[in-house]
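With the hints as a guide, dock the two chains, each given alone in a separate frame, to form the complex.
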Amino acid sequence: MNTERAQIHLPAFLTKYRFLIKQLVMRDFKTKYKRSVLGVLWSFLNPLLTMTIQYIVFSTLFRSDIPNFIIYLLSGIICYNFFAETAGLCLSSIVANAPLIHKVYLPKYIYPFSRALSSSINLLLSLLPLLLMMLLTRTPITPAILLLPFALLMLFLFSYGIGLLLATLMVFFRDTQFLWGVLSMLWMYLTPIFYPETIIPQAFLGVYKLNPLYHILRFVRTLLMSGISPPPRAYLYCLLLCTVPLLLGLWIFRGKQDRFILYI
Amino acid sequence: MITVSQVDICYRMPHDKIQSMKEYLVALLHGKLRYDFFYALHDVSFHVGRGEVLGILGDNGAGKSTLLKVIAGILKPTSGSVRIRGNVVPMLELGSGFDYDLTGRENIFLNGAILGYSEKFLQEKFREIVAFSELEAFLDVPVRNYSSGMVMRLAFSIASVVEPDVLIVDEILAVGDVPFQEKSYARMLELMHRGTTVLLVSHNLEQIQRLCDRVLWLKDGRVVCINKTKPVCDAYVKGKRP
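As they're listed, the protein sequences go chains E and P.
For the first sequence, position 209 matches number 209 in my numbering, and the numbering has no gaps at all.
For the second sequence, position 39 matches number 39 in my numbering, and the numbering has no gaps at all.
Hints were generated in silico from the structure; no laboratory data involved.
Treat the hints with caution; some may be incorrect.
Said to hold, decoys possible - Taking lysine-lysine pairs in the DSS-like style, the calculated list, with each CA pair at most 27 Å apart, reads: (1) P:Lys76 with E:Lys16; (2) P:Lys125 with E:Lys16; (3) E:Lys256 with P:Lys22; (4) E:Lys256 with E:Lys16.
Here chain P stands alone, though its shape is the one from the complex (with noise of 0.2 Å):
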């Protein structure tokens, strides 16, 4: 389904602060402009089967949320290649594809077709969408005038209402109040049950207990394992390699 072999992503930096055109052209004319190479993730490679749910433990930049846009295609690799079979819906940042201005109604077709959603399937379940997002008395008014609560609840409603081949979800699992955290909690589970595969980064690792088959434990951008749920997580919580 989804197949990453020896991605790496690598920024360049300037090694000496550049400030002006004139220090760049110096610089370039007596050829010491000079790079650090910084790599977010180096020689990653794995496979997630159909339907399966990975999780992806690890600090704070440690390349998780590069990853997994290497997988949504936002990012291209510097070397290696990603090959996935099916159509990839990304819930990176929920809401980023609103326009402020436009009503709950008008970005609802916006943002649907951001996804990729056709015309018909967004008329088809536009009414599906205002339910679960519980904003029906709000469609007409534009989203600026919204609660952040209320437009995270409409984003994740209009982004999870297909069933993708592939999921990505970036910590979204926290949406709104408890009751409707609930509500788009169970929604992924059923999303997981119809045999979606699922790429998951969440700092909870009750939930990716919960949640995982397997679980890629991600270091200094590089994998330190990957494995069933249970050893990786508990090697996780004890900061060593099992």
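Pulled out of the complex, with its shape left as it was, chain E reads as follows (with noise of 0.2 Å):
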């Protein structure tokens, strides 16, 4: 069938099928908001309040010696938090959609892809207080801060790889979406969220450093804090360790994809 051929080519891909994800990112977007008084206010709610709970937390129960905590804080909370989103959103992608899967013809990359698109408005949102954070902490905003686009890419292409595993794992063993709300709680306190990088203990600085959130959240507080680009090393480590999942997650969703028809 011609349409099969769509997948290969990206662009093409994404030309043909613009409209379509616009409308599922609409959608989305639209639905999640719906029935709420403050709607899309939550957006940049849901990061401030987390951040004020955990800032509390830490700042008087732990005593934290983090400069400028609370950048490091939000920073941190934002990323994760859109890893978790984008992650568990594509988790259910493709059993969610299953009365349109078995009625329409459409590439199945659609659905993880257009709900990682609704959780990317919902990071681009959440920058806003990030950014009004940083203007009343006094923390100087260089030009360094044009690179986050590089940043948040990575932790796109990151997220979406994960979630297209997760979404083809869903699909033939049900028993995912729980083991994973375990794991994503595993992987929040392997991620220096809320604690300095020097508690982490030496024996377990390798598993750190396999893990790619936590080269993206230094890259983007090097970046934020510091205000100046990290060393090139960074960039390697967060384009490799990121671009690794997305095509593993790639690779498994393509070769399982026509197999899903049957078991959703």
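See below:
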């Protein structure tokens, strides 16, 4: 069938399905806030409230001596939330769209992709409170902030890759959703979101270095808090550690997608 | 226009009931995983020319809907191939792309996009869709508050606004009340006269006889015969091959 080829050529795929992707993203976004009073304000409020709670906990109960802790914490929360949200949304994307998959032929990448995109809109919105807090804490804003899109793109690719893996697994193995709940919590603790890197035990450092989120967070914090570009090595780490899960996710998803319909 | 050659759809069903992961692993290790094979379609081949209306007949479970799904590209054949030239609009289950929390207006765009329409096309045809559905007054109401007849009317109006090269229809000529049924029937006839190739599954023999040029009779996943409408319908009624 002629439609199959579209998946290989990404630009052609994007032009052909741009309108559909736009519609699906709009749907996700509209239905998410449809019946809430504050609506889209939640995209701003959520990271701010999480940050406030964690800030209180970690600046009173546990003393932390991280300089500019507010920005440290907020950047960590925003990046991790995006990862967790994207992976979670992608996870259910195939199973939840079962009625559509049974009735219309569409490249199946579309379902997780549109969800990852709607989650990205959320990410972009939550950058506003981050910017606001930077101004309030008088963190100097330097041209280095222009490199932020690179880090966010890496974060997107990584999260989408994990999302594809989870979506595939979920089709064949519904326990994935519960496993992922536990795993994502573990992942949160294995990422220095609210604690300083200095407390990581030497023995665990190897594990951390394999965690793409660790590198992305370091990258983002160097940009925002030191106001300089990270060393070239950091770019390489991010690029490598994010594209490998992405390619793996694409490969596995692609190999299994024709069998999805038999299991949903 | 459509060439279906030697299509098989084969489902694998575990022979023994395996209830848990442990049983599965045990069976796997002992090499005792046995499967039954079920052919939903077996060695199905036929060709449909441009502008032809092909009816598909068969008892429940004969594989009619499966065949439509294979042609629509939703199911991939286990073996064999399907070649189609032109764009295909499947009307398999109307309204399956609706989001019930969104309004009728929003759903027109969402569902249109799912069916592969472009944004420009939808904007041009928006009035036409709304007029055909007779739902002007309810456009900004969430679809969850629609009656099921209203949902079907909206869905049919969206699906039938295009002039596809190939239209795949599964028992949907009974949409809404009698006046709307007549209207949608007239719309289908109009599409057929304009040279759209149509594949039509229906249990309504009279409808098939009125609309179709040729009829394919499926039984247990196999083609019994494919021929001019009259002889196949007669044979189907008698339950014997012609």
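**OP:** Please flag the earlier hints that this structure goes against, numbers listed from lowest up.
**Re:** No hint contradicted; all consistent.
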